[in-house]
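Chains as they are written, first to last, in our numbering: chain A, 1 to 188; chain B, 189 to 412; chain C, 413 to 1160.
No wet-lab data here; the hints were simulated from the structure.
Please read all numbers here as calculations on a predicted model, not as lab measurements.
We treat Cβ as the ideally placed atom computed from N, Cα and C, and that holds for glycine.
The reader is advised that the hints may include incorrect statements.
[Unchecked claim] Computed beta-carbon distance windows for the label pairs:
{"hint": "1", "chain 1": "B", "residue 1": "259", "chain 2": "C", "residue 2": "417", "range": "56 to 62 Å"}
{"hint": "2", "chain 1": "B", "residue 1": "345", "chain 2": "C", "residue 2": "748", "range": "51 to 57 Å"}
{"hint": "3", "chain 1": "B", "residue 1": "203", "chain 2": "C", "residue 2": "1047", "range": "41 to 47 Å"}
[To be verified] Calculated cross-link-like contacts (lysine to aspartate or glutamate; reagent style DMTMM-like; alpha-carbon spacing at most 25 Å):
{"hint": "4", "chain 1": "B", "residue 1": "347", "chain 2": "B", "residue 2": "195"}
{"hint": "5", "chain 1": "A", "residue 1": "102", "chain 2": "B", "residue 2": "395"}
{"hint": "6", "chain 1": "B", "residue 1": "203", "chain 2": "B", "residue 2": "244"}
{"hint": "7", "chain 1": "A", "residue 1": "63", "chain 2": "A", "residue 2": "94"}
{"hint": "8", "chain 1": "A", "residue 1": "102", "chain 2": "B", "residue 2": "387"}
{"hint": "9", "chain 1": "C", "residue 1": "953", "chain 2": "C", "residue 2": "891"}
{"hint": "10", "chain 1": "A", "residue 1": "102", "chain 2": "B", "residue 2": "407"}
{"hint": "11", "chain 1": "C", "residue 1": "879", "chain 2": "C", "residue 2": "924"}
{"hint": "12", "chain 1": "C", "residue 1": "926", "chain 2": "C", "residue 2": "891"}
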Amino acid sequence: MNTPGVYMMCIVAPMSIGHALLGLLEGGPRHGYDLKRAYDERFGQDRPLHYGQVYSTLSRLLKNGFVTDAGVEAGDGPERKRYAITDAGVTDVERWLSTPEKPEPYLQNTLYAKVVLALLSGRSAADVLDTQRSAHLDTMRELTRRKSDGDLADQLICDFALFHLEADLRWLELTAARIDQLAVEVNR
Amino acid sequence: MTLLRAEGLSKSFGKTQALDGAGISIRAGEVVAVMGPSGSGKSTLLHCIAGILPPDSGTVHYRDQDLTAMNDSTRSELRRTEFGFVFQFGQLVPELTCLENVALPLRLSGMKRKDAERAATDWLARLEVEDVAGQRPGETSGGQGQRVAVARALVTAPKVIFADEPTGALDSLNGERVMHLLTTAARETGAAVVLVTHEARVAAYSDREVVVRDGRSRDVEFAR
Amino acid sequence: MNRVIGDLVLGVRLAVGGSRKSWTRLALQGLGIGLGVAVLLFAASLPSVLDARQDRHNARNAVSEGTGPAPLLAESQSHPFRSEYVRGTYLRAMSPDAPVPQGIAKVPGDGEVFVSPALADLLATPAGTELLKPRFPQKVVGTISQAGLLNPRELLFFAGDARIQPNEHGNTVYGWGIAHEGGGMDPLLWLLSIVGIVVLLFPVLVFVGVATRLAAAQRDRRLAALRLVGASASRVRLIASGEALAGALAGLVVGFGLFYAVRPSLDRISISELSAFPSDVMPTTALTLTVVVAVPVLAVVTSLVAMRRTIIEPLGVVRDQKPVRRRVWWRLVPVVAGIALLVSQAGKIGETDGRPNQWPVVLGIVLLMLGIPVLLPWLVERVVFLMRGRTPALQLAVRRLQLDSGTAARVVGGVAVVLAGTVTLQMLLAGVEQEVRADEKKQANFNYLTINPGTDSDVNAIAAALKSSKGVTVVHRIDQAFGTLDSGGHIAINIASCEALAAQGPVPNCTDGKAYVVPYGDGQPTAQAGDVLTLRHSGEKWTVPSSLETTQATFPGLVLTPAAAKGLVAFNSQYIAKLDPSVPDAAEHARNALTVARPWQVFTYFVGQDDTAEAERVFGVIRRALLAGTLLTLLVAAASLLVVALEQVRERRRPLAVLAASGVPRGTLARSLLWQNALPLAISTVVSLATGIGLGVLVMRVFGAEVAYDWAGLGLITAIVVGLTFAVTALTLPSLRRATGALGLRTE
Ligand SMILES: Nc1ncnc2c1ncn2[C@@H]1O[C@H](COP(=O)(O)OP(=O)(O)OP(=O)(O)O)[C@@H](O)[C@H]1O
Ligand SMILES: [Mg+2]
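Work out the full structure: start from the sequences and follow the hints.
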């Protein structure tokens, strides 16, 4: 595991692992080990989750009433406990998906997780993208306004931000264009 | 005040359904970006609401006139007097000088050559391209040509300017400059702008955006 | 070497290209060049046609001297029929091995006749049966074959007649076929034919050049692109040559095809002098080779010259730059030189006898014709640059032409030469026609037939037959004699009553006993009162009466009323039959009545209202032929203009679509197309009319002829040009409509 990966994880984890797990549970009750495998498969790539992370997140969700115990599967070990999502959990996922991320650099992971989860749960990924674009554009409009009123330094700073935000949106557009392809893959 | 309102627009080309119940509404003086993936029907929507292409079904109202019910020449006339157009490239008549290109719409509505060219010179100056006035489009750079095109779209003081990827062929600096000049001039003259683009930085010059996907539009204003 | 061939082949491939557009272009080129090649081949056949004619003409000449008794007697005679002449010979074989004339199987026996196919046709017509057949009572035993005819429409006969007697003026024939020392062509006619050939052929050459450049704009752009990509100038030239060659070769194929397709119908041309036996129409080997070599060379050279700019500044073609201004001075050289040469020759033909110096004239005409296509691009450019375009439509057209007037000017340059040539020919024709008509007018007051019976004919029988002929009102007799003046000059003496004189022309206060002298036109000495003449046939002396008046009657020489001619014995008699103008074809009836005499002994001459319908027909045919030629070239030119226009619409698809989208009415765009086609055509029409008229005036001055204008013809040409302009524009409209639809806005 490399350092930037850990660094990223630290930024991303608190914001989205919970929602990601919730989203995965929407497909039906699973036990912790299953959840970790599903998460790693979809979002883990080169930074798979620790068991510890999974269970600490699940216990937080349990505490908040977003998941419940769904009985223990026959077998041994604590990992055989199954969790199911509650109505409150579904509402939380919904809220999370329809809330655009604050436009800022390096939010691909969250956005990606949102898109995949929307697809997994049969929600409209395009809506997620449109909502995000709208939020991005609002910020960009603000920056553009600042730019045209400001001096050269302002312009340069604004342009920096604008180009990065644009890159996000570009990626969003690309994802949107590939959404059908993605849907097939995600639901395989 | 809603200036232009289109509802339930459908248009197919053979088997391709380019528009499938799209709608949009434009208020006077606002700049609306039309965004969406390639092939989603943005240009087709623009052509339909500008009265260039008759839709298969649906209505387009400009003020209280129904564009879909007009005949070709009335629509031409409306486009000439009320609308302005900017496209991605190749819109200037290659054999006319830039000045004559800008003066052309005025002359077509019967203005005297001298007056038309004076007005055209003013607009070229506003768009910072007065020095290419005597040149042919082939002898200008892409950015200069696009500014000349913007000047031509604005010279008749239109109520709506339709721009389809106006910066598509320009680099970012030129693109932004053209957008800045276009939106500033439009705001000054009170013209609404319908801006088709897939570039966020260009769309950022708008007041709001409309997203087209698979021939359907999501117009936040319209939904309300 | 391989590279060279490779480049040439690449050019050919580009020309043939496979796409529909390149095939269309090749087809147009082929048709244009092919038309030119066909005309050139016909011109190249002219020497063979003339040679064959001359050969057969020589074969007709009788060898009148020989040893022993003549095997054959021959009397040639022409029978005028309306305004045509039926030529022929009456023959009497004196021995079984009498020489048979070319074209017939045997010497016709007494009462037999061979007729040419055209004469057979004529005799079969109702008019021929009624009015000509009586003069051919013989039994038709065969037709004269090609070997005996000068041209397929010649009216000719060989009749057998046993009444022919050998006589002292040599009607004996020992054989056929002898080359006569030809007097050569009338210098005037000769010049006229040269003018005609130059006027006809020159445009053909120009046209071949123009056809090579059909739809060249697109090709130029392609070659410019090649050049920009890095092809060297010489390689681009080779590729361009390859393209031109492809067109020229296609043209040669089409040309030979056309030539062989048209050739068989040449014998159906109704003017006999213009008709020819198809088998005679064979281009000479040398000239054929010249055509086969010259046409591709011309095509390649024109194409290379026209490509100059593309090769030097390829970017200009790609970027639609303002072209370099054309310079005028060298373009004026041919025109000025041509006019100077022609002016220097004006009126000279009448002065010098013998053959005039034709070279300055021919050279002048060629230079003037060459001047048109050379000057036209400059002129179109100048005119277009001076225009600013009052309406947007006109402005669009003018600006377009300013950017590239060359293409259009080249196309119309070819037309202009053809038009100028046609106008010149029309004027020459109008001049000739005017003279013919003036003669007719002069004769319109008269209506009589003069009859000259041979010396040993039965004059009384002739007079009686004439008197009883339909439509003959009076028959006058005029006696004739010849006198020798003391000075040695000869003078004709006519003895006629006042009525007889009045039939021929106004003789004021004529009373019997008056004597008149009519001066010879060429200033030969005439008799004066009191002169003593020696009569030629008898040697007697006769004194000219003292009361001699000068007048302008028909016959030059001395004209005496019977009382003034006392003591003068006539040597010969002539009849004048006055004809009733209300009886149609009275002259033909009178001529038929003359069959009481031996047909070869009576000569008639008709003075009066000729059958103008015939003149009308001849001029009509020539005019129609001219018109057809003009129309054909104009059509090809219109096709080229159409290609140019279509290409421009296609090229400017996007701006046109944007203009239409911005609400520019289609009508404005259509009008701009119309102007764009009309301007070059209008300029070239004006230039060619001016040149044609100017050339016509100059040439007629050279001939000393009276200048006449064919306004109807000029009007017709102008109308055709206007019509074609509209037609071309109309044909461009569908593609304009397509380009200006919303689809035009889509990027390709
Ligand atoms: N004239 C036409 N003939 C056939 N199909 C057409 C035509 N015009 C548009 N289409 C189709 O309609 C759909 C929408 O095209 P449109 O040009 O409106 O897309 P767009 O959103 O403008 O795309 P882009 O961003 O690439 O310009 C496309 O699938 C296109 O192929
Ligand atoms: Mg488009």
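ask   = If you draw a straight line from the CA of residue 102/A to the CA of residue 395/B, is it 25 Å or shorter?
value = holds, 20 Å
inquiry  = Next pair to validate is residue 953/C with residue 891/C; report whether the Cα-Cα distance is within 25 Å.
reply    = holds, 17 Å
task = Take the C-beta atom of residue 259/B and the C-beta atom of residue 417/C, compute their distance, and say whether it sits inside 56 to 62 Å.
result = holds, 60 Å
task = Assess, step by step, whether the Cα of residue 879/C is no farther than 25 Å from the Cα of residue 924/C, and give holds or violated.
result = holds, 24 Å
ask   = Straight-line Cα separation of residue 203/B and residue 244/B no greater than 25 Å?
value = With Cα atoms ~13 Å apart, residue 203/B and residue 244/B stay inside 25 Å; holds.
query = When you check the alpha-carbon spacing of residue 347/B and residue 195/B, does it fall within 25 Å?
reply = holds, 20 Å
query = Does residue 102/A pair with residue 387/B here, judged by a C-alpha cut-off of 25 Å?
reply = holds, 20 Å
request  = With a cut-off of 25 Å on the C-alpha distance, tell me whether residue 63/A and residue 94/A pass.
outcome  = holds, 19 Å
request  = Given the range 41 to 47 Å, decide if the beta-carbon distance of residue 203/B to residue 1047/C lies inside it.
outcome  = holds, 43 Å
inquiry  = For a C-alpha distance cap of 25 Å, please report whether residue 102/A and residue 407/B respect it.
reply    = Given that 25 Å is the threshold and the Cα spacing comes to 22 Å, the pair holds.
message = Quick check: does the Cβ-Cβ distance between residue 345/B and residue 748/C fall within 51 to 57 Å?
response = Given a distance of about 56 Å, which is inside 51 to 57 Å, the answer is holds.
query = For the pair supplied as a hint, residue 926/C and residue 891/C, is the alpha-carbon distance within the 25 Å limit?
reply = holds, 16 Å
In the structure shown, no violation is registered for any of the earlier numbered hints.
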